[in-house]
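2 protein chains.
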Amino acid sequence: MACELFYWPGIQGRGEFVRLALEEAGVEYVDVARGPKGVEKLMAALKEDARPAFAPPFLRVDGMTIGQTAAILMFLGERHGLAPSDPAGRIWTHQLQLTIADLVGEAHETHHPVGASLYYEDQKAEALRRAQEFTAQRIPKFLGYFAQVLGKQDYLLGQCTYADLSLFQAIEGLDYAFPKATARELKRHPQLEELRQRVAARPRIAAYLASSRRIPFNEDGIFRRYPELDS
Amino acid sequence: MACELFYWPGIQGRGEFVRLALEEAGVEYVDVARGPKGVEKLMAALKEDARPAFAPPFLRVDGMTIGQTAAILMFLGERHGLAPSDPAGRIWTHQLQLTIADLVGEAHETHHPVGASLYYEDQKAEALRRAQEFTAQRIPKFLGYFAQVLGKQDYLLGQCTYADLSLFQAIEGLDYAFPKATARELKRHPQLEELRQRVAARPRIAAYLASSRRIPFNEDGIFRRYPELDS
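Taken in sequence, the protein lines are chains E and S. According to this note's numbering, the first sequence holds residues 227 to 457 in order. According to this note's numbering, the second sequence holds residues 227 to 457 in order.
Note that these hints are calculated values from the structure, not bench results. Worth double-checking, as some hints may not be accurate.
Identical copies carry no separate label here, and so any pair may be met within one copy or between two of them.
[Unchecked claim] With a Cα cut of at most 30 Å, we get these calculated DSS-like pairs of lysine-lysine:
1. K263 - K273
2. K263 - K378
3. K413 - K273
4. K267 - K413
5. K350 - K367
6. K267 - K350
7. K263 - K413
8. K367 - K378
9. K267 - K378
10. K367 - K267
11. K378 - K350
12. K378 - K406
13. K367 - K406
14. K367 - K413
15. K263 - K367
A quick note: this is a predicted structure, and the numbers were derived from the prediction, not measured.
Based on the sequences and whatever the hints tell you, model everything.
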């Protein structure tokens, strides 16, 4: 049975980290909420599971429901060879993923510092203050860390893991939302730009990125291009 | 060799989730930064590791360094029986932990919505707006979710796991920081109050909570009592 991904249609969001892993692993999957009555099915699934996810994305596979992006990736990584199988390598991959998740969370906070239930326009003043710290301090700190971990390797652990796919996506998102701040850091750490291109050139990822399955970045997702927030 | 925990001294913070798991498992550990020259040792360790943590807390054990609270807990859970050993139960425990981490992250954002590098006093207006949403919408949503998962069981998975210890700590923290909002939700979900008391009464946890190893909540940690933010 094909695996089913449940995530909001119309945005990359956190679901994109899962999509990239599914695509790289060559897993047959249905992106349920992008099909007919998709959001209805997503809302119903959220309610009916014995072990319900708190929020999308979640994955249904082999009768299990798995929520939380990092947990889904850990599951896929173990099953499809997108993480080393030794315990130390497995946990190191996961640790890197959780740090990428922190970065992604902070990127989201830049446009919703007061709360997710309000529009950006209603928290623009706060967003400007938050984004200033994010671009000046947090992007350099996170990207500097990943550049250090990467060093001269081709991938974060030498071999390609789900953490590399996620770092690729985070860099893509940062570059979309904060092109000035991100270009500055990628220039400082050319190995990150090389990693990004290396991941984008992997055959299955390249095919995916060129397909209609890849939703373009937009201003409803995590990474939003509000030029006033970039500096 | 004893295991070494590295975390900022003087606060519970994210390190507390690790401490609770170490204590419940009966692991011999050194809380390095609370000892002589502790912060120096912490800063040095952050720099010298081959697989460095992005930030505290991190654990050194068996020559490995493990960062990220949820990854540390997964490691301890597997090693010390604080999570089921079947793959589905193991990942469900981790998924719950990651959702608790989301709640804890949002609790932190209430007093630092503009950014962690500024004082609370410099973002008080933003904090008031953020906390309003947190107490009115997010605490009910998170605690309602965990109450549903818990149901009539003694623990989230029936048996006690690291996710129960973390939920205990999250409830303790919410009750410290937002006593009004939290009391309202605990009254609505008495099974959460019962879980909290059940965890607190576990012999090793009870001994820990009564010891000087347990740092009291304070206004430098994640959960801060700023009465103006509670409603």
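Checked hints:
1. K263 - K273: within (16 Å within a copy, 51 Å between copies)
2. K263 - K378: Neither way: K263 and K378 sit 47 Å apart in one copy and 34 Å across, limit 30 Å.
3. K413 - K273: Between copies, since 23 Å is at most 30 Å while 46 Å is not.
4. K267 - K413: neither (44 Å within a copy, 32 Å between copies)
5. K350 - K367: both (24 Å within a copy, 25 Å between copies)
6. K267 - K350: neither (34 Å within a copy, 41 Å between copies)
7. K263 - K413: neither (45 Å within a copy, 37 Å between copies)
8. K367 - K378: Answer is within: at 19 Å inside a copy they meet the 30 Å cutoff, but 45 Å across does not.
9. K267 - K378: Only across copies: K267 and K378 sit 28 Å apart there, 45 Å inside one copy, limit 30 Å.
10. K367 - K267: between (40 Å within a copy, 21 Å between copies)
11. K378 - K350: Classified as neither; 40 Å inside a copy, 44 Å across copies.
12. K378 - K406: within (25 Å within a copy, 53 Å between copies)
13. K367 - K406: within (16 Å within a copy, 37 Å between copies)
14. K367 - K413: within (14 Å within a copy, 42 Å between copies)
15. K263 - K367: Cα proximity of K263 and K367: across copies only (25 Å, versus 42 Å in one copy).
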